[in-house]
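Student: The residues making up each chain are set out below.
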Amino acid sequence: MGGNSNVKLISDDGIRIDGRKVDELRPIRIEAGVLKRADGSAYVEFGKNKVLAAVYGPRECHPRHMQNPAKAIIQCKYNMIAFSVNDRKRPGPDRRSVEISKIISEAFEYVVFTENFPRTSIDVYIEVLQANAGTRCAGLTAASVALADAGIPMRDLVPSVAVGKVNDQVVLDLQKEEDNFGQADLPIAMIPRTGEILLMQMDGHMTRAEFDRALELGVGACKRIYDLQKDALARRYSVEKTDEEQPDEGAPADAQEG
Amino acid sequence: MNKEGMGSSREIVLPGDLLDSGGRMKAGSGTYVQDGRVYAAQVGIKSVKSNFVNVIPLGGRYIPTPGDSVIGKVVDIGPSNWLVDINSPYPAPLHVNEVPWRVDFGDTARFMNVGDTLLAKILMVDETKRVQVTMKEQGLRKLQGGQVVEISYSKVPRVIGKGGSMIQMIKNMTNTRIFVGQNGRIWLDGDIENIVFAIRAIRMIEENAQTMRLTERVKEYLESVSKPAPAEGSESR
Amino acid sequence: MARAVMSEIKKDHIHKLLAKGRRVDNRAWDEFRPITIQPGYIETAEGSARVKVGNTDVLVGVKMTIGEPFADTPNKGVLSTNAELIPMASPNFESGPPDENSIELARVVDRGIRESQMVDLEALCIEPEKEVWIMFTDMYVLDYDGNLFDAAFLGAIAALNNTMVPAKANDRGDDYPLPIRHMPISVTAVQIENSILVDPTLDEEKVAEARLTVTTDENGDLRAMQKGLAGAFTLDQIYKCVETSQRLGNDLRKLIG
Chain A
151 MGGNSNVKLI
161 SDDGIRIDGR
171 KVDELRPIRI
181 EAGVLKRADG
191 SAYVEFGKNK
201 VLAAVYGPRE
211 CHPRHMQNPA
221 KAIIQCKYNM
231 IAFSVNDRKR
241 PGPDRRSVEI
251 SKIISEAFEY
261 VVFTENFPRT
271 SIDVYIEVLQ
281 ANAGTRCAGL
291 TAASVALADA
301 GIPMRDLVPS
311 VAVGKVNDQV
321 VLDLQKEEDN
331 FGQADLPIAM
341 IPRTGEILLM
351 QMDGHMTRAE
361 FDRALELGVG
371 ACKRIYDLQK
381 DALARRYSVE
391 KTDEEQPDEG
401 APADAQEG
Chain B
1251 MNKEGMGSSR
1261 EIVLPGDLLD
1271 SGGRMKAGSG
1281 TYVQDGRVYA
1291 AQVGIKSVKS
1301 NFVNVIPLGG
1311 RYIPTPGDSV
1321 IGKVVDIGPS
1331 NWLVDINSPY
1341 PAPLHVNEVP
1351 WRVDFGDTAR
1361 FMNVGDTLLA
1371 KILMVDETKR
1381 VQVTMKEQGL
1391 RKLQGGQVVE
1401 ISYSKVPRVI
1411 GKGGSMIQMI
1421 KNMTNTRIFV
1431 GQNGRIWLDG
1441 DIENIVFAIR
1451 AIRMIEENAQ
1461 TMRLTERVKE
1471 YLESVSKPAP
1481 AEGSESR
Chain C
3 MARAVMSEIK
13 KDHIHKLLAK
23 GRRVDNRAWD
33 EFRPITIQPG
43 YIETAEGSAR
53 VKVGNTDVLV
63 GVKMTIGEPF
73 ADTPNKGVLS
83 TNAELIPMAS
93 PNFESGPPDE
103 NSIELARVVD
113 RGIRESQMVD
123 LEALCIEPEK
133 EVWIMFTDMY
143 VLDYDGNLFD
153 AAFLGAIAAL
163 NNTMVPAKAN
173 DRGDDYPLPI
183 RHMPISVTAV
193 QIENSILVDP
203 TLDEEKVAEA
213 RLTVTTDENG
223 DLRAMQKGLA
233 GAFTLDQIYK
243 CVETSQRLGN
253 DLRKLIG
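Protein chains in written order, with the working numbering: chain A, 151 to 408; chain B, 1251 to 1487; chain C, 3 to 259.
Warning: the hint list may mix true and false statements.
[What the hints assert, rightly or not] Within a straight-line C-alpha distance of at most 25 Å, the following computed SDA-like cross-link-like pairs (lysine to any residue) qualify:
| id | chain 1 | residue 1 | chain 2 | residue 2 |
| --- | --- | --- | --- | --- |
| 1 | B | K1379 | A | A220 |
| 2 | B | K1299 | B | L1268 |
| 3 | B | K1371 | C | K12 |
| 4 | B | K1421 | C | K18 |
| 5 | C | K208 | C | A232 |
| 6 | A | K373 | B | D1326 |
| 7 | B | K1371 | C | D173 |
| 8 | C | K208 | A | K239 |
| 9 | A | K221 | C | M8 |
| 10 | C | K12 | B | G1395 |
| 11 | B | K1405 | B | S1415 |
| 12 | C | K13 | B | V1283 |
| 13 | A | K239 | C | A232 |
| 14 | A | K326 | C | D173 |
| 15 | B | K1379 | A | E259 |
| 16 | C | K229 | C | L81 |
| 17 | C | K13 | B | S1415 |
Since the hints were made in silico from the structure, they are not lab data.
So here's chain A without its partners, still in its complex pose (with noise of 0.2 Å):
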């Protein structure tokens, strides 16, 4: 955080620089299923963030050391590309990216139903393409849905968002200028139905009150952006009504030879 609160980001009626009022999200853009090769993806706008998540498993867990005989393991990798940022970003992984990668994960080990493959792996890839401040929360938000059409059991989808604090205000979802000259920025990532909070980070300084107000403003628009998940799966997935005779489930495979 800048913590310079001399710049001024909010007008005396409440609007901020690129229009938005304090409690409004920036234009959110999901789509599930988006690349071929991967098991499953989504890419996910936040404003001119761009974001896209891979997910690859569960698969046999490489190196072996690190698999676990009585779960899955959750490899998250996020990454910035070299010309995501206005300065070029050297490509690889640097300590920022390693610690954003580590939190994702867990986040994830505490939704993803584990337990029903041990030994194995699930790789999850979020790739920010343009960056605009939010990047970490833009990327859970995707990978989310990309576990989802991935088709791995969990218990619910998880939204992610940043509160943060701009010239004394409580401000939802920093953009790129609010986050530089901002005084405190507070990402969460959550489950809506249960409020609990997976992902919980905070830099700079927030009252007692400033953290309650931020963190009402974060579980709102969770909800908001939980929704938008939904969507981007249930478009993905969409039936036509159907009438058609319905296969057997677990239909036998056997004497299916002709």
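Let chain A serve as the given structure and place chains B and C on it in line with the hints.
Tutor: Only chains B and C this time, still in chain A's reference frame:
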């Protein structure tokens, strides 16, 4: 849309969707229970059968169950076993005692090699999901010739159709032999032109598995491509 | 890249179809899969393009900074090309530093751009021996279904073609389009049992004995080549590939606009 009392509906559900709140139904496959309520654990179609609510998955990887017929691919070879990829998270060892041939120690490569395709059955799956397959049953064998295609295992019932109607139609209209493995691999054999037509029909089913009039559309396609050529061996020159 | 085992039955099927002059997806031997190009896909890049060739999906971006020229070319801008085969794109790609496959891909694309003198590097000199523009072209494979060479090359030239030199942000006057002088196109073919197939799919690549990439310019002149894989080409096959590249190059060039 949904015939009450028929016990089956076509409702798409997503992870976290509430399936039963009153404890009237028991949690079946693809579901989980939290605070006495049943929720969907997977993207799929809700199905109610004899007091169980299940989610029939619309995606995901094949998870082996004993007795399943599968099409495997040899990916590694040892002195007394082959390692078979069965399109699931778990590669399955095939021991020399589970094949229809007498194989001496170290002589495995003489019978099957890396890249070979075989018809096998899931023999057992232990609690840590270790899988073993067998070829010691009638009809199980090494496959030669033809072509192998892969589809999502969740679409296998659709390709087979009710009582085998869909696959039977493709076989009849293309004059091919087809074996559908429950792991989503399909082996086809016959005249190569006919194989190509049959594969396209299967791809149509795969891409449109959830749409109306599928059987009719596949039939129209197969009628449009030809009178199928006669079976293998009698191709005109 | 971990090598996946290809089923013998699938290999035989490709061979049997080829014996009848057919490909698995029913294309002609010299036919590309459907191509889509989305230029300007990424706003944070100076130039970018997302290119799909069939199911193969590649994203290319160009970033420019000011730096020092190389001592032996004091009055020329610097070209740097990098390819990432990210694990998102294929179950057989692994994370980590670039392996031999991504290095070969980057170098083949780089040669086509450099040797064709596509970009006027002298126009990218700000002050000889002191300041020149440095161009980073980064290519990311998002979905891999064969023929990365041509998909990445199309992505690279489409991205360069819509690159704006960020002069304003660097206090060097107004932004201006990257000076483009030539428009090279690469066409890749593989040889399978004496058949030549343009734009191979992944399955065709797995069966292929040899691969040849030929990069030509708008005059049909040769600018770069790369033979790959363990098989060999006859001279006649080489001529056929060159002629095909010249002919198809003209069609593909129209897609860049």
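Student: Now tell me if each hint is right for this structure.
Tutor: Evaluated hints:
no., hint, in the structure
1, B:K1379 / A:A220, "10 Å, holds"
2, B:K1299 / B:L1268, "17 Å, holds"
3, B:K1371 / C:K12, "22 Å, holds"
4, B:K1421 / C:K18, "21 Å, holds"
5, C:K208 / C:A232, "12 Å, holds"
6, A:K373 / B:D1326, "48 Å, violated"
7, B:K1371 / C:D173, "70 Å, violated"
8, C:K208 / A:K239, "34 Å, violated"
9, A:K221 / C:M8, "30 Å, violated"
10, C:K12 / B:G1395, "9 Å, holds"
11, B:K1405 / B:S1415, "15 Å, holds"
12, C:K13 / B:V1283, "47 Å, violated"
13, A:K239 / C:A232, "36 Å, violated"
14, A:K326 / C:D173, "22 Å, holds"
15, B:K1379 / A:E259, "19 Å, holds"
16, C:K229 / C:L81, "23 Å, holds"
17, C:K13 / B:S1415, "30 Å, violated"
Of the hints listed earlier, those the structure fails to meet are numbers 6, 7, 8, 9, 12, 13, 17, in rising order.
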